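J.: As a plain string of letters, each chain reads:
2 protein chains.
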Amino acid sequence: MVRVGLTAARLTEAAGELADEIGLDKLTLSALARRFGVKDASLYSHVKNLRDLRVRIALRASEGMTDRIATAVAGRAGKDALVAFADAYRGYALEHPGRYAATQMRIEPEEVADSAGFRRSVELTYGMLRAYGLTEPDLTDAGRLLRSTFHGYIHLELSGGFGHSRDVQASWSRSLDALHVLLENWPSRHDGNKR
Amino acid sequence: MVRVGLTAARLTEAAGELADEIGLDKLTLSALARRFGVKDASLYSHVKNLRDLRVRIALRASEGMTDRIATAVAGRAGKDALVAFADAYRGYALEHPGRYAATQMRIEPEEVADSAGFRRSVELTYGMLRAYGLTEPDLTDAGRLLRSTFHGYIHLELSGGFGHSRDVQASWSRSLDALHVLLENWPSRHDGNKR
DNA sequence: GCAGAAACCTAACACCCCTAGGCAGTGGTC
DNA sequence: GACCACTGCCTAGGGGTGTTAGGTTTCTGC
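Line order of the protein sequences matches chains Z and R.
Position one of the first sequence corresponds to residue 1 (my numbering), numbered consecutively onward.
Position one of the second sequence corresponds to residue 1 (my numbering), numbered consecutively onward.
There's no promise every hint is true.
Within a straight-line C-alpha distance of at most 20 Å, the following computed DMTMM-like cross-link-like pairs (lysine to aspartate or glutamate) qualify [unchecked claim]:
1. 26(Z) with 95(Z)
2. 26(Z) with 52(R)
3. 26(Z) with 123(R)
Derived coverage of chain Z by chain R (criterion: at least 3 residues anywhere in the stretch with Cβ under 8 Å from a Cβ of chain R; other residues may be distant) [as the list claims (entries may be wrong)]:
4. 25–39
5. 169–176
It is worth saying that the hints were derived from the structure and are not from the lab.
None of these values were measured; they are calculated from a predicted model.
C-beta: ideal position from N, C-alpha, C; glycine also.
Taking the hints into account, I'd like the entire structure generated from these sequences.
T.: Dropping the structure here:
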């Protein structure tokens, strides 16, 4: 019996690659086992079940993504930081669509087991927004808006939601310009009047 | 043999309800057949396969959603129209999460078979944006940004991505305020300088 | 009333998730 | 060096799902 040397970590890594190649929804324990030349049942010694595997991918990916964003943002502020953040975010998602999709799963707090990725990601966002002079609860609102826009854009881009009429990269740049303007002119509280 | 009276339309409708209840990813032909008291194989006379069923849900849902938006937006312009559009969009998605998820599928042009939903949806968006004085290619860019933000927000909201710290509805309202400001101050072309 | 279409069925295959229990190398202990 | 516990991987098997092929029963239009 030849032992391949499976580990939860090696499985997670390979599963992430596989998810990037064929899509997270098509990631299957059988396929992963096949890639290692091993039977499906063998994986259950290392990984609780399919959901567990996906959660592991998500936690690992959110760390990698946050690292990338942190590096990009380091030493920048204002629009520089916004663009660096956004491009790093989008870059990771486009290069690793499967892993990125995993980060969007609903994950219960007890599954997270204190992974640094999510927390640091929030801190990075808030730091960037504070440079625009925002304070709570505007920080939360603007943070939600930014995350929504980034995620929505990438989701639509990856799912082919944009026609091929206009360059997606150009739209992205313009959108970042617009978001910068938005953050600089964030409406003050109780400013809900129209026009 | 008791006939239930299956039709592609009835199946699509029921499948949409089922998807709203249990989630699009858990929508299964077996479950749908069970709901009708029928064997899985029987569905294949009406529907090509699972993907075909999902596409049908998507096309039907995008029509329903567009109707709702069109009604909400009718006779409004500027911020009124923006808020009406956004609330109708979000309202549909929150009430029909399964059907909404279907509308986000990658659908090939030949599968669409000229469904009015998607086209009208684009027209509605563009009409709203023209009221802000935008012209191409800003129309496309702003449209993409709006769609991204709406979709991203709802996706995060539905997937529990927002903590329970601050009221989601309040954040949504503030985001719409901000988007209104953004559209009024849409940066003119070649205005990419910083700060 | 009949022919053909339509609705629904059974049977069968492939793929997947997951559990239970078994065996064979591996490393530690005396 | 012999023993033993551990663990990595196995086989076997049950249950769910998607899909095709080909039958049988009911409905419908003439």
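J.: Against this structure, judge whether each hint is valid.
T.: Each hint, compared with the structure:
For the hint pairing residue 26(Z) with residue 95(Z), the CA-to-CA distance comes to about 17 Å; that is within 20 Å, so the pair holds. Taking the CA atoms of residue 26(Z) and residue 52(R), the gap is near 17 Å; set against the 20 Å cutoff, the hint holds. Between residue 26(Z) and residue 123(R) the alpha-carbon distance is near 34 Å, which puts this suggested pair outside the 20 Å criterion. Note: the stretch 25–39 of chain Z has 1 residues with beta-carbon separation from chain R under 8 Å; the three-residue rule is not met and the coverage is violated.
A count of 5 residues in the stretch 169–176 of chain Z with a Cβ less than 8 Å from any Cβ of chain R is obtained; the coverage claim is therefore met, three being the minimum.
The structure fails to meet hints 3 and 4 from the earlier list, while all remaining hints are met.
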